[in-house]
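K.L.:
Take a look at the letters that make up each chain.
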Amino acid sequence: MGGELRYEIGQSAYIKLVLHALKHKTSTVNGVLLGRFASHNEEVLEISEAVPLFHSQIALLPPLEIALLQIEEYFGVQGLSIVGYFHANERFDDRELCNVAKNVGDHISRYFPQAAVLLLDNMKLEALQSGKDGGPVMQLYTRDASKGWKPVVADGKSRFTLKEPSANVVLHDYIISEKWHDIVDFDDHLDDISKDWLNTELFK
Amino acid sequence: MVSKFDELELNKLENQVDNGGGGAWEYLCLVRKLKVRRSDKVLKHGLSILNDPNKRSNLGGDEWILYEQVAIAAMDTQCLDVAKECVKVLRKRFPDSKRVGRVEGMLLEAKGSWAEAEKAYSSFLEDNPLDQVIHKRRVAMAKAQGNTLEAIEWLNKYLEIFMADHDAWRELAEIYICLQMYKQAAFCYEELILAQPTVPLYHLSYADVLYTLGGSENLQTAKRYYASTIELSGGKNTRALFGICLCTSAIAQLTKGRNKEDRSSSDLQSLVATALEKDYKRRAPSKLPLLTSALRSLKLSS
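First to last, the sequence lines map onto chains A and B.
Per our numbering, residue 1 is the first one in the first sequence, and the count goes up by one each step.
Per our numbering, residue 1001 is the first one in the second sequence, and the count goes up by one each step.
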């Protein structure tokens, strides 16, 4: 293996996660990332799907366990594994990765050692809403040798990129049209099982 | 806490007003009554009334309540100019009011002038040591600045005086959960269940916390509280049904090799599984296969 692992997030997954955070501006939200290694290049991990999980009491186990069971079941058939975790803090200026996020990240790492944790970057998201595109509005964290979660610094060779370069443009449009009203998370599903946590109709 | 019925009614009204069908004042009153946080809508529709002199005079005395409501909504959506204007109007009309003083304190908070807000609130409390709203603003300020431990301290002090404030107990439980202090969260839910034993939400949250804590005794208790949630909610609570499955599976894992055959436990498990499958078949048929395999893997792991 040559260099370090790169992470690439697909538009559908990226937009779902950000819309979820925007729907619940006053809460912590989280989600699960699904993907696989790129077929042509084992040094790239493609995050092709995401499931928004919860917007309330995210540190409780039962809903998380039920969600992961069903998510693994559904996506396993398609050859996708749980490859990471997304987290958005409650407060605008909170840029730290909290313990709950680290714990879930650790749990996912047990089954997928190169798991990624993505933290919503509120400043970048705010800039995007005023039309400034600064790349993905998330901070990537990976586990280092000491098994701690460290932010990956954006330098010359970007380790975290958007698969589709126009993803931010599409996201910006969705924000303007308040598309976040339509997003469904696992919390919504548990409150009303007729709500589809796969969001299959979202982008139609 | 808003019931499903109330939420449906609120959403219906909101849709109506959003699409130009009128009813803005009824919507704003309902938002106030249910104490929900819909600040962007409140701001939009509230301003449409306040900026129209005819509509405003039709409100009579209620005009000032609306100014207060819009001011707070404006602060929540960071439209501080609007908030300032509303507060100015209120201050002019009620020059000595403590209630307006509270809103002014909140404006200081919204601007991020924490020290000034703290000063204002402290002096209020000197004159009115039993002002619940101001006590709660202190907790909110600590939370907003990320001083979660300080928020806990203030909230505990508040609850020593106002121990019947159920919302405060819930808030404290939720803060403890965020910090993964599950034992302390469990204590809060115990207080709530003692005070209001027929509210299923408290049983459910208590069960969730106990399951998260883990250990054989906690799991057994969690299972009992999931069961009581199901009973209190007429069997309609999906989370509680799943909770029973998780508990049964986890308990069986812990007692593996101890040859404990619990007929009643497996009966309960199959009842719950049947209930879940029936519900999914009716309301989410596309997800039924996922549910079935999830239940199967829980049984397998036991």
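It should be emphasised that the hints constitute simulated quantities derived from the structure, not laboratory data.
Treat the hints with care, as some may be off.
Said to hold, decoys possible - Covered stretches of chain B (in silico footprint by chain A; criterion: 3 or more residues with CB under 8 Å from a CB of chain A, positions within the stretch not fixed):
1. 1053 to 1060
2. 1068 to 1074
3. 1116 to 1124
4. 1283 to 1295
Said to hold, decoys possible - Restricting the straight-line Cα-Cα distance to at most 35 Å, the calculated cross-link-like pairs of lysine-lysine (DSBU-like) are:
5. A/Lys-163 with A/Lys-147
6. B/Lys-1084 with A/Lys-204
7. B/Lys-1088 with A/Lys-204
8. B/Lys-1256 with A/Lys-25
9. A/Lys-150 with B/Lys-1183
10. B/Lys-1299 with A/Lys-124
11. A/Lys-124 with B/Lys-1281
12. B/Lys-1236 with A/Lys-204
13. A/Lys-102 with A/Lys-23
14. A/Lys-204 with A/Lys-147
15. B/Lys-1033 with A/Lys-23
16. B/Lys-1281 with B/Lys-1299
17. B/Lys-1278 with A/Lys-179
18. A/Lys-102 with A/Lys-163
19. B/Lys-1012 with B/Lys-1143
20. A/Lys-204 with A/Lys-132
21. A/Lys-179 with B/Lys-1084
Source: prediction; values computed, not measured.
All C-beta atoms, glycine included, are put in the ideal place defined by N, C-alpha and C.
K.L.:
Next, verify each hint and record whether it holds.
P.N.:
Status of the hints after comparison with the structure:
Residues of the region 1053 to 1060 of chain B lying with their CB closer than 8 Å to a CB of chain A number 0, which falls below the three-residue condition for coverage. Coverage of a stretch by a chain is defined here by at least three residues with a beta carbon nearer than 8 Å to that chain's beta carbons; for the region 1068 to 1074 of chain B and chain A the count is 0, and the condition is violated. Beta-carbon proximity to chain A at under 8 Å applies to 0 residues in the region 1116 to 1124 of chain B; the threshold of 3 is not reached and the given coverage is violated. Beta-carbon proximity to chain A at under 8 Å applies to 8 residues in the region 1283 to 1295 of chain B; the threshold of 3 is reached and the given coverage holds.
At most 35 Å may separate the alpha-carbon atoms for a hinted pair to count; A/Lys-163 and A/Lys-147 meet this at roughly 28 Å. For the hint linking B/Lys-1084 to A/Lys-204, the alpha-carbon distance of about 43 Å lies beyond 35 Å, and the restraint is violated. Restraint check for B/Lys-1088 and A/Lys-204: the C-alpha separation of about 47 Å exceeds 35 Å, so the hint is violated. Between B/Lys-1256 and A/Lys-25 the CA atoms are separated by roughly 44 Å; this puts the pair beyond 35 Å, and the hint is violated.
At most 35 Å may separate the alpha-carbon atoms for a hinted pair to count; A/Lys-150 and B/Lys-1183 meet this at roughly 30 Å. Taking the CA atoms of B/Lys-1299 and A/Lys-124, the gap is near 45 Å; set against the 35 Å cutoff, the hint is violated. For the hint linking A/Lys-124 to B/Lys-1281, the alpha-carbon distance of about 43 Å lies beyond 35 Å, and the restraint is violated. Taken as a hint, the B/Lys-1236 and A/Lys-204 pair is honoured in the structure, with Cα atoms around 32 Å apart against an allowance of 35 Å.
Proximity of A/Lys-102 to A/Lys-23 is assessed by CA-CA distance (about 23 Å); at most 35 Å being required, the pair is judged to hold. Simply put, A/Lys-204 and A/Lys-147 have alpha-carbon atoms about 41 Å apart, too far for the 35 Å limit, and the pair is violated. For the given pair, B/Lys-1033 sits about 23 Å from A/Lys-23 by alpha-carbon distance, which is consistent with the 35 Å threshold. Note on B/Lys-1281 and B/Lys-1299: the hinted pairing holds, with a Cα-Cα distance of about 20 Å set against a maximum of 35 Å.
At roughly 32 Å between alpha-carbon atoms, B/Lys-1278 and A/Lys-179 fall within 35 Å of each other, so this suggested pair holds. Straight-line distance between C-alpha atoms of A/Lys-102 and A/Lys-163 comes to about 25 Å, which keeps the hinted pair within the 35 Å bound. Proximity of B/Lys-1012 to B/Lys-1143 is assessed by CA-CA distance (about 33 Å); at most 35 Å being required, the pair is judged to hold. Taking the CA atoms of A/Lys-204 and A/Lys-132, the gap is near 27 Å; set against the 35 Å cutoff, the hint holds.
With a CA separation close to 31 Å, the supplied pair A/Lys-179 and B/Lys-1084 stays within the 35 Å bound.
The structure fails hints 1, 2, 3, 6, 7, 8, 10, 11, 14 (numbered hints given earlier, in ascending order).
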